[in-house]
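**Student:** So the chains spell out like this:
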Amino acid sequence: MSSDIRFTDFKTDKQPTWCPGCGDFGTMNGMMKALANTGNDPDNTFVVAGIGCSGKIGTYMRSYALHGVHGRALPVGIGTKLANPELEVMVAGGDGDGYSIGAGHFIHAVRRNVDMTYVVMDNRIYGLTKGQASPTSREDFETSTSPDGPKQPPVNPLALALAAGGTFIAQSFSSDSQRHTEIVKEAIEHDGFGFVNVYSPCVTFNDVDTYDYFRDTIVDLSETDHDPTDYDDAKSAILDADKEYQGVIYQDEGSVPFDEREGLSEPMHDIPDGAPEDAMDLVREFY
Amino acid sequence: MPADLNWAIGGEAGDGIDSTGKIFAQALSRAGRHVFTSKDFASRIRGGYTAYKIRTSVDQVESVVDRLDILIALTERTIDENMDELHEGSVIIYDGERTTMQDVEIPDGMVGLDVPLKSLAEDAGGAIMRNIVALGAACEVTNFPIENLDESLDKRFKDKGQAIVENNKEAARLGQEYVAEEFDHDFDYDVETTDNDYVLLNGNEALGMGAIAAGCRFYSGYPITPATSIMEYLTGRLDSYGGKVVQAEDELAAINMALGAARAGARAMTATSGAGIDLMTETFGLVAQSETPLVITDVQRSGPSTGMPTKQEQGDLNMALYGGHGEVPRFVVAPTSISECFWKTIEAFNLAEKYQTPVFLVSDLAMSVSEQTFPPEVFDMDEVEIDRGKVVDEDSISEWQNEKEQFQPHFPAADGVSPRTFPGTDGGAHMTTGLEHDELGRRTEDTDVRIEQVDKRQQKVETAREAEEWDYREYGDTDADTLVISWGSNEGAMREALGFLDEKDIDVRFISVPYIFPRPDLSEEIEAADDVIVVECNSTGQFADLLEHDTLTRLKRVNKYNGVRFKADELAAEIEDKLAEPSEVEAE
Ligand SMILES: Cc1ncc(C[n+]2csc(CCOP(=O)(O)OP(=O)(O)O)c2C)c(N)n1
Ligand code: SF4
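Chains as they are written, first to last, in the numbering used here: chain W, 1 to 287; chain D, 1 to 588.
Heads up, some of the hints might be wrong.
To be verified - Calculated lysine to aspartate or glutamate pairs in the EDC-like style (CA-CA distance at most 20 Å, straight line):
{"#": "1", "chain 1": "D", "residue 1": "K160", "chain 2": "W", "residue 2": "E285"}
{"#": "2", "chain 1": "D", "residue 1": "K158", "chain 2": "W", "residue 2": "D13"}
{"#": "3", "chain 1": "D", "residue 1": "K155", "chain 2": "W", "residue 2": "D281"}
{"#": "4", "chain 1": "D", "residue 1": "K404", "chain 2": "W", "residue 2": "D13"}
{"#": "5", "chain 1": "D", "residue 1": "K22", "chain 2": "W", "residue 2": "E285"}
{"#": "6", "chain 1": "D", "residue 1": "K390", "chain 2": "W", "residue 2": "D273"}
{"#": "7", "chain 1": "D", "residue 1": "K155", "chain 2": "W", "residue 2": "D270"}
{"#": "8", "chain 1": "W", "residue 1": "K14", "chain 2": "D", "residue 2": "E405"}
{"#": "9", "chain 1": "W", "residue 1": "K11", "chain 2": "D", "residue 2": "D426"}
{"#": "10", "chain 1": "W", "residue 1": "K14", "chain 2": "D", "residue 2": "E403"}
{"#": "11", "chain 1": "D", "residue 1": "K354", "chain 2": "W", "residue 2": "D270"}
{"#": "12", "chain 1": "W", "residue 1": "K11", "chain 2": "D", "residue 2": "E403"}
Since the hints were derived computationally from the structure, they do not count as laboratory data.
Modelling step: build the complete structure from the supplied sequences, incorporating the hints.
**Tutor:** Structure below.
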């Protein structure tokens, strides 16, 4: 790790193919800045991405990275982190990726509390497949597969995370670059699973959850008397359906990450050239 | 034919059948006798017939036969279930005082030993020990020194305290004395002890032990019969080597965690069966496309769908070979015996890392639950060799960087194998993806690059085909006109079937194949034979199909798919029948 790392060191020479104006640009820049600001460099960072426009992030960020299959990025990140706790592991994906096909993994990743960061670029739509309803789409949001709206209430990812025992739950808005960067940085620094739901507008398929909408409605919790270490405060903010919040919503200061609890700190990549020295003991167990 | 003894204890699930059988098997093994065990069990925790069978001899045994000499029947059904295998002179130990056993009729010619198992157990300290009383009775029947059983009881119960150990020993003694005093003494089943020291283990234990020997550090899985015991074995043991076992939320997570760990540089494995393999298939393609070394174990059971979860089958071969969309380079290795479960696991890890591909390690239920004795040298750890393939470190990384100092993880090397670097290595940051990519790992749809990368991945298989030995094991008479071929756990039964066939003057050449893909070229052997019979536990003959494909020859098939493994004597009879059928016309 070198100290003179700048966030541009995390950029690749590949031009993003996101639509001009897509919220994912801002989301990604904030992630790079947060990584650089926390003293990480590309060679000790592992970024796992899901599938979707959001999932392309691994291609545009320079680091060790894996772009997996739809919805399964979290378990890859967990495996990577446990196998080498010295790595900074960051998982990124979309709302469809994380809360639909990957919803099961989401809940279990939250409760497992491995020391890593999960950033969801929530545009309340399926972008890459060209505009179908996502789990966070509004009940009446008309799309190609829901002409009258999905007719189901949207998933509340923050509530899911809180209910699953989340130790760090935050939300940010990709175009508020400074706050978004700060919040992701706090997620990285958190001892445990840092979860950030990022409002990352899709300018092509979502004309409801737009920049203007978020700009007008968002409330920054740091400007209120919200206490993120207070579970009840967190609960009321999360269940307040009428508001869009940004900031750290809940943080359990007593969080001890899974990897630490399990005593994992050494990378697992060094193994002997042959069987372990005491391997015959394994055989003797069967006498 | 070795002078062997076939022993079983049967009852309802929950009767402690398994642990009782294991105690006796261990006692026999400690007394220097070879042992082979098999289990009949139903997919339920309480109730349902279950049995633990032991075949023991002073010679090596690795199969079951259709014969039962001594049966401990805890329920009447146990006798019914085994009627076909019981014979004149078979000894049946049962408790006639048990309400359900009062009307038991011992068939003519068999020896019924009505032993008050429960009351004797109560005399020793508790009814729960009635199985141990029965073991004591069995010791008397076989003239087996009860001290050997004592050792087993020590091992089994020492964690529960000395008092429990002593009570159990007393229970065994009471059973032994009861038989000695109450019955005529000449049972004809004496078992001879020797000075040999054997270990007793099943296929899944051998596989898990192989994984540790091979340096596996990360295992993630989701419970499923019959793969779970691999996870249970590794839990607690991997930790002492700095590794970790994770019980994932499902098989999708299990394989993805293993993939993540493998990318981080750990030797990683996941294991499952049936439905779990289906769920893993999507990520299986990603493993291959991202060129990640990973061992995926499939302990086959009866399918499709949930099929018969506790029954034997070898029905997943096609899935292992062809599973996954697109064209997925892979290796498929299938151990043919319990000791091979150990050695082939080590080989699977080496193949995975040398060629940066997924390796399917295909086992089966019969092998996973059967225990067998071995001299410990069979698992000689000094023989274990670890080859991690082309791992690049800080010092050598510049050789694999392009002019812009970018590391090229998918460099199209002539042998198809690219350099590999573990995350954390300076100068190695790179992307891997399931999308088609260029040598840097960047997504591409460039037609030339696509072809280059597909060929490169496929080339690994070709390189391995040349570089590795895809051999087979051979038994019987090399010059025989009849050739029998099998894969997986059928080897043991078939080897013994050779003896039965020999008695009928039928000479057989037997080839047991541990590699499904790539596999040895058997065309010469097949051409040289008049009759070729492929033996496998499935209904369609999936391996036979492959061999036919290789040789353009129609082969005869012996298939079994009722959920029960082949038995040696039965297999011999089936082969004899097949030989009576006319050989089909051979293609030119
Ligand atoms: C198993 C599987 N099913 C479906 C798809 C097709 N697919 C690709 S992206 C996507 C939705 C992505 O939506 P979201 O996660 O919200 O990301 P966004 O594109 O909006 O950033 C789907 C359904 C796939 N790649 N894999
Ligand atoms: S479709 Fe939407 S989410 Fe995808 S790149 Fe365009 S704006 Fe972004």
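**Student:** Confirm or reject each hint.
**Tutor:** Hints versus structure:
1. Among the hinted pairs, K160(D) with E285(W) is consistent with the structure: their alpha-carbon atoms are about 19 Å apart, no more than 20 Å.
2. Simply put, K158(D) and D13(W) have alpha-carbon atoms about 65 Å apart, too far for the 20 Å limit, and the pair is violated.
3. For the proposed pair K155(D) and D281(W), the alpha carbon gap of about 16 Å is at most 20 Å, so the pair holds.
4. Of the pairs offered as hints, the one joining K404(D) and D13(W) holds, with about 11 Å between alpha carbons and a cut-off of 20 Å not exceeded.
5. With a C-alpha separation of about 14 Å, the suggested pair K22(D) and E285(W) falls inside the 20 Å cut-off, and the hint holds.
6. For the proposed pair K390(D) and D273(W), the alpha carbon gap of about 14 Å is at most 20 Å, so the pair holds.
7. At roughly 35 Å between alpha-carbon atoms, K155(D) and D270(W) are farther apart than 20 Å, so this suggested pair is violated.
8. Of the supplied pair hints, the one linking K14(W) and E405(D) holds, its CA atoms being roughly 15 Å apart against a limit of 20 Å.
9. Between K11(W) and D426(D), the direct Cα distance comes to roughly 16 Å. Compliance with the 20 Å bound is thereby established for this hinted pair.
10. A threshold of 20 Å between alpha carbons decides the hint, and for K14(W) with E403(D) the separation of about 16 Å falls inside it, so the pair holds.
11. Our distance criterion of 20 Å between C-alpha atoms is met by K354(D) and D270(W), whose separation comes to about 16 Å.
12. Under the criterion of a C-alpha separation no larger than 20 Å, the hint pairing K11(W) with E403(D) is consistent with the structure, at around 18 Å.
The structure fails hints 2 and 7 (numbered hints given earlier, in ascending order).
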